[in-house]
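Novice: Below, each chain spelled out in residue letters.
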Amino acid sequence: MIQRLLPFLSLIVLFVALSIASPHFLTATNLSSVVRQTAVINIMALGMTIIIIAGGIDLSVGSILAMGGVLGCRAMERGLPVPVGILIGVLAGLACGLANGVLIARLKIAPFIVTLGTLGMLRGLTLIITNGLPVHKLPPGFAFLGEGSVLGVPFVLWLLVVCAAITHVLLEHTRLGRYAFAIGSNQDAAVYAGIPVAFHTTAVYAIGGMLTGLSGMIEASRLSTGQPTAGQGYELLAIAAVVIGGGSLRGGEGSVAGTLIGAFIMGLLSNGSDLLGVSPYLQQVIIGGVIILAVTVDELRKRRMV
Amino acid sequence: MLLRLENIQKRFGGVTALAEGNLEVDAGEVHLLLGENGAGKSTLMKIVAGMYPRDGGRMLWQGGEVFLGSPAEAAAIGIAMVHQESLLAPHLTVGENIFLGRGEREPLGWVSRRRMAARAARLIEEHRFPLQADWRVEKLSPAGKQLVEICRAIQHGSSLLIFDEPTSSLSEAESTEVFRIVRALRERRMGVIYITHRLEELRAVGDRVTILRDGRTVHAGPLAEATIDQIIQHMVGREISAIYHRDPIEPGETLLRVEGLTRTGVLDNISFSVRAGEIVGLAGLVGAGRTELCRALFGIDPVEAGRVWVGGREARIRSPREAVRAGIALLTEDRQKTGLALGLAISSNVILANTSAICRGGFVSGAAEARVTADYIGKLRIKASSGRQLAGRLSGGNQQKVVIAKWLYRDTRVFLFDEPTRGIDVGAKTEVFELMDSLARSGAAILMVSSELPELLQAADRILVMRQGRLTAELPRDTTQEEIMRYATLTSSGEKST
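If you're matching them up, the sequences are chains X and R in order.
Residue 6 is where the first sequence starts when you use our numbering, and the numbers rise one by one after that.
Residue 4 is where the second sequence starts when you use our numbering, and the numbers rise one by one after that.
Hints were generated in silico from the structure; no laboratory data involved.
Do not take every clue at face value.
To be verified - With a cut-off of at most 30 Å between alpha-carbon atoms, the simulated BS3-like pairs for lysine-lysine come out as follows: (1) R:Lys340 / R:Lys386; (2) R:Lys49 / R:Lys340; (3) R:Lys386 / X:Lys307; (4) R:Lys386 / R:Lys49; (5) X:Lys113 / R:Lys340; (6) R:Lys382 / X:Lys113; (7) X:Lys307 / R:Lys49; (8) R:Lys142 / R:Lys340; (9) R:Lys142 / X:Lys307; (10) R:Lys382 / R:Lys340.
The shape of chain R in the complex, shown without the other chains (with noise of 0.2 Å):
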């Protein structure tokens, strides 16, 4: 036994974000730790890893309880986890990150450098990485940072690894390479725990797994013996089928036409159109282009050639502010970032893309404002004490709706969702599913851009592929994955194939 911790518990002021955390993990396994937002998950790992003291119980390591101070005391004693990328330093080199802090020293804190680049090769080598030591990690992707933080986890030859949901950011092919790497961890006898809300990826990784529920560990075994639908079950606490289905409606006028994008070496021609009421999703690869084609149809990036209609008008779009006037709306997968000013009130982010509307002369009409926000808390069922309280207070689910509130709010009947339920837990997706259903059924074009391959074919009506900044197919709801992955990957498949 590697690691035991039994009944932990964890308060914050008058919040108990741990009741009874229990979690047993062996070397040599991977050993997933499941929950819905606010479970309890981070905070648990937290402990372990040294960033937080526990209020109570015991965490026993390799058979003796250990109190940890901080990070630093955990790796002492062999115990790592791998952040997200926001924690590495973009300027430096690899090999400089990997040692940042715990560098290789020299006399009077000198740091040489050569010798830190022969280590860092060394270590890369070893695990079969596919960096350069003397890259800077600016330059990045996703997956690549990732593995910077994996060296830095194990450099010190930790027998134990957390990874907090190290595939959300990462494309099919990059969290392939990631199961890998920690399928090979395991194979050197370390233990592994993994976090994660793609319960697609469970049985690519995971032989145990612990589930939290408000604080309480609800469940720990084998893998093998449950099934998805049961874990789902205990991770809500109640009964709902991993399997969302939307029933397509007649679709109405077309409400999005694109002809002939193109942004050189990014977007290729890209032709298509969105009718009302309808939810289209596009598939790709992480560097398909996906993203670019919401932000150039949004006015972010400029585009040398195509043309656009909005509801029958062609539009010129050249900033956001143009797109939001033409009826186009593109939800960020960062909702918080670009689509809520979480220390604002609920009502202020309501009225935030169409404040004119109740404006007079200028003045903002304080009675109008709280009755156009009472409004939508109703119709769109907002959990919120009232239209006062700070959109940062509110869940995760509930903060989409008043996003979408404020662009419902503007009349807006075109929406780009670029990787709507990315970093959503599984009661929360199927939410936002229905949310998407409802904006569709009331008169939206939804234009979906998903990772997650099943989630595609779960909502959307038709699915687009794109590849290398091209559109390659254009597949019915009823294609399968692997379909759509040949149009993702295959550079020999025909051109859009209608």
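This is chain X alone, in the form it adopts within the complex (with noise of 0.2 Å):
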């Protein structure tokens, strides 16, 4: 049990730390610009706990983050208001998300193979679609998907709670859910009991296609352009994410407040870093080994059990 607090307990020793550490961590521009950054990586964290309990993974978020994020931008640039440009920037990337789904399910490729193959892909695509360069000319009113505050709270916090409480739910009450525990669990199991496996495992990939499509809206919104190079590397954080909050690579395992702490952890990480002067490139080192002990430190826990 304690083990399975774990995450919980050091996010809260992190904060406290960090607290003594530095007068400027605790102070309302600080944690909102905290809470700010996670966002992204917490939205799209949200689809990959999903894919991994249902025994995938999604290399690709990255590139389909940059692609949801500027086909919002180009419709909202081509004059779309500003929800029809954000709601295209979602469905893009539901769309992405379905073709992974499609052809890992369908074709029963390994879900490795296929989000390396479509992490370049979409890139390549984006690229081309933007020429390279940047969307620019974005309507004001965009900027407060990212920037905005409601009741004093960052708007983005608002959203990422309801994007939570929408997976959790998701996940633990309804038959979507179950079936994607079950087919992580033990996927032939699964098809022997007569699950559409195929038509579940392209679902999830789809839901976290969109909640990345989502990120990528906020990602542009936060950087006030669309950028054909966003979110590179984000899959890696993503992933960890999940399993610092106790999913596991093998399937079947997972939950959604054990992600909100794996991307609090990483995000307090980042900025108290940023805080205390640690330079950007040990962060990446610190980060990496964090990830490495959390695995760890679950992989034991469970030989213990056995």
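Once you've looked at the hints, go ahead and assemble the two chains, each given alone in its own frame, into the complex.
Specialist: Printed below as a string of structure tokens:
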């Protein structure tokens, strides 16, 4: 039980330590900036949680994020209203996820390979569509998505809470969620039980893509440009958030609460390093180390169980 | 005296796996090690083979006390273990597998494939194994893989060889071949420790027997002096009869009818039917098409011709999903692999095949899930703390019950059991038979594949025999093993003799 709470305890320890170490940490400006920075990874990681629980993985999320952001921004550049632009970004993400899902579930190709392929393809397509140039002319109202506040709380935090709640209910209380756990825990058993495995696998990737599309729009709003190069390397951060939060890359394990904690641990590590003047190069080393540490602890816990 | 174990102890965390493990093995003897699952047999053997350190007790090897830190150290003094097939590298050749990790070392770490192959060929020839050094392991039968494991174990001139359930995945003929090899090793004055669950094969190989129960050696002595019933009594610690006998009931309507099922080269015009309340045995050698028949009926493998009726209605079955919908369940020999999600709660497994029944608008009712699960835990007497317990934490017999609960909740009435008792200990076997019996009594039709003829004779109402993809006989329950083997092996026997 203590080990289950370990990620949560680490988060609290980290929070307290940073509050003591830096006078700039525990300020409204800094905390809201942590929330805004983390939200993009966080929402993306929610989708990754479902995918990893179902025994899959999506390496292409960084490219999906860029594709969603760019298409949504292009729509707004052409004069479509902000909500429609955001919707287009989200739907673009959904379509990309759907493509991943179809390739994985129908052609039965390993998710690692399929999404490694689409990682390259989607990035390339995004660059072709934009000719390699960022999309700039965005309506002023669009900034609210990433930078606005409601009742003094960053809008992205509200959005994150809503997305997390929906994902939690989806995983724990719907048939789709139950099937995701079953497929990830033992795909053969799921097939033998007559579960439409291909359909649900596809759905899982589509939902992941949709959430990633939303992250793409938030990222674009924060950068106030649709960057075709956005999101590079984010797949590692999203996977790390899930894994630090107790998700298993073997499938069948993971939770929304865990993923949120995992994402915030990484957010605080990054923010804390900035405040304490740790070099960004060293930050990468630290985050990598934390990922390995998290998996090791989890692995040791499981070995002791068996 | 080759090996002597005195009061060996081993704990894993707070769990005591071995409290008092005693064992003596002489050169030139086949020593049987028996016990129920969890009795500590494998743990004891892993200590002997250097895979676990012991927590207490003494291990004497040829008179002197030894401490083994790794399998390599065990191999160096002449102790080797024959593992199950999974430890082979499937893409490499027989010769490469035999010398895997301890090949012919040349200068600079170079490996001479030619010399390795030649050495493997000599080894194979010496023991008259039906193998070729350049065959790829993935193409071998389970028996062939077993032989490769044996070659690996004896290549160093070991003096003690440990077999962990060598025949559990083999057919009768292949088992006979393993026995021949074990006896040949005994002739060479090697010591052999042989772990098995198949009590019928004891006499074919063993000289002496040691029985473990709950981590303690409870009996040791010459095999000839013990009856099967006494052995079982030592194993389970209570009196149970080795002979289970089912009282057949009056069968009801025909629930499964198969006509002309054909898959080229695998199934040849198979026709039969099973009625409610019936348990029909399916006998045959490995490769006769029994498992393939189950797979075809369950929609895993496509068929070219044939019709199937379930409960009087014709069913088109092209996928497991359609089979489940039609009301067929397949329980394979590896329950864990195809039957259970071990990492999930019992309740998740129980509702797995019929989640929609407790769904409204895509939302699962947790209350209904708990109710249904509690119901089956009570009905099937599943030993669990609650429905939220992980399926992987249950014992093998209770896992089997969870699988059954899953299908009962789906209202399944046709059950295909493929080797339901493989790898299950004696006490649990009777429980599996009783479970099948109660299924049949509640109106299910059961087709049971088994390689163990005595079990078929005990549990089935009638027995179908397959050979090379065809049904060659349908025999009544009072037939004999010899009669079944005749139809399973002979090429001249007539067609289905009803």
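Novice: Hint by hint, which ones does the structure fall short of?
Specialist: 6 and 9
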